[in-house]
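Trainee: Position chain D with the ligands against the provided structure of chain P, taking the given hints into account.
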Amino acid sequence: MIKLLNVSKVYKRTGSALEDLTFEVPKGQFVFLTGHSGSGKSTTLRLVHMAERPTTGEVRVVGFSSQRTPPREVWKIRRRVGFVFQDFRLLPGRTALENVAFALEVTGAPRGEVRAMAQRLLSKVGLSAKAASPVHQLSGGEQQRVTIARALASEPLVLLADEPTGNLDDRATRGVLDLFWQINALGMAVIMATHDLELIRSYPAARVLELDQGRLVFDSHQPAGGR
Amino acid sequence: MGRTVREAALGFRRAPLLTGLSALMVGLALFVLGLFSLVTHNIRSAVADLEERVEVVAYLRETAQPAEIESAIQTLGALPGVEEVRFFSKAQALERARQELPEIAEVSADLAVNPFPASLEIRFLPGSPTAESVGAVAAAASGFPFVEDVRYGREWVERLFLLRRIGAITTLILGGAFAIVATLIIGTAIRIAVFARRDEIFIMRLVGARDSLIRRPLLLEGAVTGLMGGTLAALLTWGAYQAVYHLLFKLEWIPPGWMWGGLLLGVLFGAMASNLAVRRHLKEV
Ligand SMILES: Nc1ncnc2c1ncn2[C@@H]1O[C@H](COP(=O)(O)OP(=O)(O)OP(=O)(O)O)[C@@H](O)[C@H]1O
Ligand SMILES: [Mg+2]
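Protein chains in written order, with our numbering: chain P, 1 to 227; chain D, 1 to 285.
Honestly, I wouldn't trust all of these hints.
Below 27 Å or equal to it, Euclidean Cα-Cα: the simulated DSSO-like pairs (lysine-lysine) are [unchecked claim]: (1) D:K250 <-> P:K76; (2) P:K12 <-> D:K283; (3) P:K76 <-> P:K27; (4) P:K27 <-> P:K124; (5) P:K76 <-> P:K124; (6) P:K12 <-> P:K27; (7) P:K3 <-> P:K76; (8) D:K283 <-> P:K3.
Hint data in this document are derived by calculation from the structure and do not stem from the laboratory.
So here's chain P without its partners, still in its complex pose:
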C-alpha cells in the first residue's frame, strides 16, 4: 500500500536528507519510524504524503506514484492518508467541533450532515465532551485528539504521525498511543515518527524502522542479514 523504491532526497540548501531508501508498508501495519534528529523521519513522512517529491526513486502510496501523479491530483492521496503533527496545526479561535467540521466541509461532506459527522469523530477519539470548547483552551493531549479526529474525517487507509507525542506528558502520550492502536485495530495502517525509544519498547508488536543520516539501518521485520 505504501512503497518506497530507492528513494533519495537532496535539498538544495542542506544537501542529502535521504539516501536510497527502500521499504514497504502493507495494509493495517503499525510502524514506528525512529532515528536521531535530522535522520530524515519528517522528510520520509512528507514524501509519503506527497508534500514533496523524491529527487530520485519512486514513492507509491495508495495506488498513486510520485512519478505519475500531477500536483492537481495530490488531493486524492490526502484523502486516503491522514496526517498528524507534533504542533497540532489546529485553527485557533475555533472549537474542537468546528475544526473537525472544517475538514469535513472542504472535502465535500454533505453540508447538512457535517456537524453530526464531526460529533461522531470526536466521540471516536474520546472527546465528545469538549466539542464546544475553543481549541486553545484544550490541553495538549486533547488538542492532539482533535487533530486525529480531523485526520480521520475522510476515512483514510493510513495515518501518518510526525512526533505526535513530542509536546505531551507521559499520560497524554499513552492516551494518544492507545488511540492509535485502537484505530489500527480497525485496519488502518499507522506510521509514527518518534525518537522516544522507551515508548517504542513498550509496544513490541509494532514494526520498527530506524533511519540514520538518511539511510535505513534497522528494520525489525528484516532482522540481521537484511539491510
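Mentor: Then chain D with the ligands, alone, in the frame of chain P:
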C-alpha cells in the same frame, strides 16, 4: 457555489479596510482611464465632425465637355472611400456664391461674365477618409486634362488624421498602463488575503480539499474588488463630466459600450490578478 460566495463574503467582512482600500486604489487608477476616455471620445467626435467636411474640389476648364465630365464622375465615384461626386455648373457656382456672400450678390448683377468655374465636389464615406484615400482621389482628379486645379487643404487633412491616430495610440498605451496598475493592486490585495487565510489553506490542502475550492472564493473576491473599483471609477468620471459640462463647456458623455467594457475589464483583471496570486501561493506551499 454557495461555499464560494460565503467564503468570499467572509473575506470581505474579515478585512473590510483592505478590500475597501484596494477597491479605492483600483477605482482611482481606472478613474484616470475614464477621464482619458472622456477626452479621447470628445476629440474623436470633434474630429469626426471635421472629417465629414473633408472634400476634394476639382475646378474645371471652360473647355470641358459634358461627356468627359460624365466619365470623370464615374471614374472618381468608383474610387475607395468616395461617397459621391457632384457636378456644379458655372451658374450653380455663381448662385451659391451669391447666397453665401451678399457683397458678391450686389457686384455680380453688374458682371458681364460669370467668373466662377464649374467644379466637381467629391465627398467621402463617413468615418472612412484617410490621408491616403483623400490624396489618391486628389491625384486622380488632377490627372484629367480638363481639370484646372484641385483643392483639398492637404496639410490640414493630414494633420487631422495624425491627431486621430495619436489619440488612439495614447489611449491604448495609457489604457494598458492603468490596466497593469489595477491588476497589480488587486494582485497585492489578494496576496494579503491569501496570507490572512494561510492557516486554513494549509489545512485544506492537508486534508485533501481540491485546489478549485481554495481558488474560487479568492477569484470571486478579486473579481468583486475589480467591479467595485470599476463602478467607483465610473461614478467619479461621471462626476467630473458633470462638473466640466456645467462649469466649463459642453462635452459628450462616453459611449455606454466603453463604460460597460471598462467595468467588464475591471472584473476580468480582478479575477486574473487573484488567480495569479493564488496560483503562486499554492505553488510555494
Ligand atoms: N525543507 C527543507 N529544506 C532544506 N533542508 C531540509 C528541509 N527539511 C529537512 N531538511 C534537512 O533534511 C535532513 C532531515 O530532516 P528531517 O526533518 O527529515 O529530520 P527528522 O528525522 O525529522 O529530525 P527531527 O527528529 O529533528 O524532527 C536534515 O538535515 C534537515 O536539515
Ligand atoms: Mg522531524
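Trainee: Taking the hints in turn, state whether each one holds.
Mentor: Hints versus structure:
1. At most 27 Å may separate the alpha-carbon atoms for a hinted pair to count; D:K250 and P:K76 exceed this at roughly 63 Å.
2. Note on P:K12 and D:K283: the hinted pairing holds, with a Cα-Cα distance of about 17 Å set against a maximum of 27 Å.
3. Note on P:K76 and P:K27: the hinted pairing holds, with a Cα-Cα distance of about 18 Å set against a maximum of 27 Å.
4. The hinted pair formed by P:K27 and P:K124 meets the criterion: a straight-line CA distance of about 21 Å does not exceed 27 Å.
5. Between the alpha carbons of P:K76 and P:K124 the distance comes to roughly 24 Å, so the proposed pair stays at or under 27 Å and holds.
6. In summary, the hint linking P:K12 to P:K27 is not supported, as the alpha carbons are separated by about 34 Å, beyond the 27 Å threshold.
7. For the hint linking P:K3 to P:K76, the alpha-carbon distance of about 17 Å falls within 27 Å, and the restraint holds.
8. Our distance criterion of 27 Å between C-alpha atoms is met by D:K283 and P:K3, whose separation comes to about 26 Å.
Consistency with the previously given hints fails for numbers 1 and 6, ordered from lowest to highest.
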